Amino acid sequence: METVTITMKNAPALYLEADNVSPDAFAGKTAAQIAELSVHEGNTTSTLGKYFEVIGNAGATAADTKIVVKGDVKKVKYLGFKMTAGELVIEGNTDLYVGAWMTGGKILAKGNIEAFAATAMKGGELIVEGNAGNYLGAAYRGDWRGMSGGKILVKGNAGSDIGMYMTGGEIVVNGNIDVHALTHAEGGKLVVKGNAKSKVGGQMVDGNIFILGTIDLMMPGFKYVDTVEQEVAGVKAKFAHFIGDMGERHKKKKGQVIYGNLYTRV
Amino acid sequence: MSEYIIKNGHVFDPLQGIKGDKKDISIKDGKIVDKVSSSAKVIDAKDKTVMAGAVEIHAHIAGPKVNLGRIYRPEDKLFSCTPTHGMERMGGGASIPTTFKTGYEYAKMGYTTAMEAAMPPLFSRHVHEEIRDTPIIDEGAFPVFGNNWFVMEYLKNHEIENTAAYCAWLLRATKGYAIKIVNPGGTEAWGWGLNCLSIHDPVPYFDITPAEIIKGLIEANEYLGLPHSMHIHPNNLGNPGCYETTLDTLKLAEGFKAKNKFGREQVMHLTHTQFHSYKGTNWGDFESGAKEVTDYLNKNKNITIDTGNVTLDETTTMTADGPFEHHLCGLNHLKWANVDVELETAAGVVPYIYSPNISVCAIQWAIGLEIPLMMKDPMRCYITTDHPNAGPFTRYPRVIKWLMSTKARETQINAFKHKDKVLSQTSIGSLDREISLYELAQMTRAGPAKSLGLSAMCGGLKPGMDADVAVYNFNPDKPVANPDDIETAFSRCAAVFKSGVLVVQNGEIISTGNKRTLWVNAKVNDNPQVMRDISEKFVKFYSMTQNNYEALGHTFVPNPYAVEVDATHA
Numbered sequence: 001m002e003t004v005t006i007t008m009k010n011a012p013a014l015y016l017e018a019d020n021v022s023p024d025a026f027a028g029k030t031a032a033q034i035a036e037l038s039v040h041e042g043n044t045t046s047t048l049g050k051y052f053e054v055i056g057n058a059g060a061t062a063a064d065t066k067i068v069v070k071g072d073v074k075k076v077k078y079l080g081f082k083m084t085a086g087e088l089v090i091e092g093n094t095d096l097y098v099g100a101w102m103t104g105g106k107i108l109a110k111g112n113i114e115a116f117a118a119t120a121m122k123g124g125e126l127i128v129e130g131n132a133g134n135y136l137g138a139a140y141r142g143d144w145r146g147m148s149g150g151k152i153l154v155k156g157n158a159g160s161d162i163g164m165y166m167t168g169g170e171i172v173v174n175g176n177i178d179v180h181a182l183t184h185a186e187g188g189k190l191v192v193k194g195n196a197k198s199k200v201g202g203q204m205v206d207g208n209i210f211i212l213g214t215i216d217l218m219m220p221g222f223k224y225v226d227t228v229e230q231e232v233a234g235v236k237a238k239f240a241h242f243i244g245d246m247g248e249r250h251k252k253k254k255g256q257v258i259y260g261n262l263y264t265r266v
Numbered sequence: 001m002s003e004y005i006i007k008n009g010h011v012f013d014p015l016q017g018i019k020g021d022k023k024d025i026s027i028k029d030g031k032i033v034d035k036v037s038s039s040a041k042v043i044d045a046k047d048k049t050v051m052a053g054a055v056e057i058h059a060h061i062a063g064p065k066v067n068l069g070r071i072y073r074p075e076d077k078l079f080s081c082t083p084t085h086g087m088e089r090m091g092g093g094a095s096i097p098t099t100f101k102t103g104y105e106y107a108k109m110g111y112t113t114a115m116e117a118a119m120p121p122l123f124s125r126h127v128h129e130e131i132r133d134t135p136i137i138d139e140g141a142f143p144v145f146g147n148n149w150f151v152m153e154y155l156k157n158h159e160i161e162n163t164a165a166y167c168a169w170l171l172r173a174t175k176g177y178a179i180k181i182v183n184p185g186g187t188e189a190w191g192w193g194l195n196c197l198s199i200h201d202p203v204p205y206f207d208i209t210p211a212e213i214i215k216g217l218i219e220a221n222e223y224l225g226l227p228h229s230m231h232i233h234p235n236n237l238g239n240p241g242c243y244e245t246t247l248d249t250l251k252l253a254e255g256f257k258a259k260n261k262f263g264r265e266q267v268m269h270l271t272h273t274q275f276h277s278y279k280g281t282n283w284g285d286f287e288s289g290a291k292e293v294t295d296y297l298n299k300n301k302n303i304t305i306d307t308g309n310v311t312l313d314e315t316t317t318m319t320a321d322g323p324f325e326h327h328l329c330g331l332n333h334l335k336w337a338n339v340d341v342e343l344e345t346a347a348g349v350v351p352y353i354y355s356p357n358i359s360v361c362a363i364q365w366a367i368g369l370e371i372p373l374m375m376k377d378p379m380r381c382y383i384t385t386d387h388p389n390a391g392p393f394t395r396y397p398r399v400i401k402w403l404m405s406t407k408a409r410e411t412q413i414n415a416f417k418h419k420d421k422v423l424s425q426t427s428i429g430s431l432d433r434e435i436s437l438y439e440l441a442q443m444t445r446a447g448p449a450k451s452l453g454l455s456a457m458c459g460g461l462k463p464g465m466d467a468d469v470a471v472y473n474f475n476p477d478k479p480v481a482n483p484d485d486i487e488t489a490f491s492r493c494a495a496v497f498k499s500g501v502l503v504v505q506n507g508e509i510i511s512t513g514n515k516r517t518l519w520v521n522a523k524v525n526d527n528p529q530v531m532r533d534i535s536e537k538f539v540k541f542y543s544m545t546q547n548n549y550e551a552l553g554h555t556f557v558p559n560p561y562a563v564e565v566d567a568t569h570a
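As you go down the protein sequences, you meet chains A and B in turn. Using this note's numbering, count along the first sequence one by one with no gaps and you end on 266. Using this note's numbering, count along the second sequence one by one with no gaps and you end on 570.
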């Protein structure tokens, strides 16, 4: 695997849309060619090389390419946009849409990331060592097709509206989350090791939520079923098992009505 | 204005019976002329196809429900935006493009005239604002009448003269072009949570049936002698077995003859016929009723139709058939929007994905192609996708490919997941007709222009007509190696003239032309009763005053083209 290191040297005045910073866009290119890839600052299109110093050539394919992003990228959006393979390491904090529409490969964000990360993610892995923002692994605005595959691990906290319209895949948050988790979910799994606020699983029709800490306020649309013992994300514990959201339409599979499951630690 | 001569192209013009002969087309001062001076600019059309600018007879491209679709589907713009480019302003949207993108896309495909198929009269100002902001193409809009309180009250007593006077007033007030009916009575019934699924279901409160509304509006249309006929989206759209309702509706036109000075011969235009040609009793035994419907249409010549081809895309359905959209939302569980338009109509919007992996969608695709392939007279059958309901209008080149090539149809049939079901439930596999370029010109130019009463102005290349001309990179002398070449050729014109202005060259917009709004100004005898009824309804029921209702003047219709009709009766 070849490594390309890009280091911020001229920070943009406005937010920078760097949707070409992905192993797919870099694959098969030399450092000089990579520096010529386009980025957008406001309504101006220019080159990656204007803002970043690029060192190293990419591998022949995305899978053979690792990108390391260094320097202050707090005002850079779309890192790892639509990536299908390879690796991306972001050393500092960064802005919106990290790994949005990604279908494969691995992203490691060592700092904090902002909202809309892994929008409509289909596969691959996103690891965030800091905190994640709102709408992590959610559907695009207006869309009903959220995260459908892959894995997200947030070691810090995550924001609100995570996993909105999720249909598959897994999100694990080691810290706490804000309101509205897995709203409208039709599948997938969310594990929160810390605490959740309110509106967890609102309008969900399928999928599983595990809250190892507490929920400030439960949704009234969830119904207690039983208490179960289960191992989840390396923790074995007793959970109160709820089904819901009872106010929604639910599918039937083999004559059985399918509900969303919400487990809270007891 | 400058002169042009389009040289050595293969010209297809059904209006003059020209079938691909090598001919020069001369343009001067916005019109087609016999000859031009030697200083005329030359457009080389050697080995290319030349036709009149195409005419769109039915699409939803302007107005509140189109805009509602744009607003509530931001995901439709995702990855479909085009930045500012040369003459072009930025655009976006795949199934519901912005107004600018709408104008550009039509022009690039060689379309120069388009009709917005359903204008809610109360919101005619909004419709005209969007038409104004759609560049290049001439546009008209059809106000909807089939669920209008005035119409139902007059027709309950069979007051044709009053209905006609009201229609003429509304066409003038809204700057409308034709009488459109959507699910007659059914949309009004939707206000009671009901629907009219046959032409004999009574409309609640008004005590009238869809059949009476349809027949009455045909009579009113011919009383006025409007350029276009009554244009109908019948009851019971989209349900298995609906072809029977369609045949019942078509039979209502029997015995009526077109009365107008525009050369129009039909008294009814049946729109998006595909959605109305379903047999079977449920989605399991769903099958094509295209044969039954086209058999009737082939025998009865006072009706024209458009197809409503399913293009197998993700799209946004939108119609004044309010109850249908609610029903559709119950089938696909995607987001639903619904609006009631006071005394006039309603509308609904639901996204829809026509998946090639779902047998019903694949059968719908086949029915949409069976209809034009089974219609014997291309002058009475026009290509549409009921944009955006069965697919976006930007897919016309693909529909043309399927119609012109059995090979392209076979490729698509083989790609269906439920191929066997498509072949057993429809006869698409046994149809080997391939639409010729001449027939294509009939179905997209001469035919719709005639049906709209515009054949003196557009849809042909006769000297004296508006110089709307499209030149395609398609050599009719060469066999088609790959059907996809047809799609490519019809997607982007080599050159397009709109009223004598070169607007597209090599597939790029080079001018935004001189866009006009077409409307019909029908003069009728003074009718104090109807005028009194109108002002009374505004005072009693409408949420706005009559003074704020009219779409008038420079703001809404900056470049009008009024088609004058004298409907005063001695």
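To be clear, the hints were calculated from the coordinates, so they are not data collected in a lab. These figures come from a predicted structure and were not determined experimentally. Note that CB positions come from ideal geometry on N, CA and C, so glycine has one too. It cannot be assumed that every hint is accurate.
[Said to hold, decoys possible] Taking beta-carbon pairs under 10 Å as the criterion, some of the chain A residues facing chain B (in silico):
1. Ala139
2. Tyr140
3. Asn208
Outcome of the hint check:
For the restraint placing A:Ala139 at the interface with chain B, the shortest Cβ-Cβ distance is roughly 8 Å, inside the 10 Å limit, so the hint holds. With 10 Å as the threshold, the beta carbon of A:Tyr140 comes within range of chain B, its nearest partner Cβ sitting at about 5 Å, so the hint holds. A least Cβ separation of about 21 Å between A:Asn208 and chain B goes past the 10 Å threshold, and the interface hint is therefore violated.
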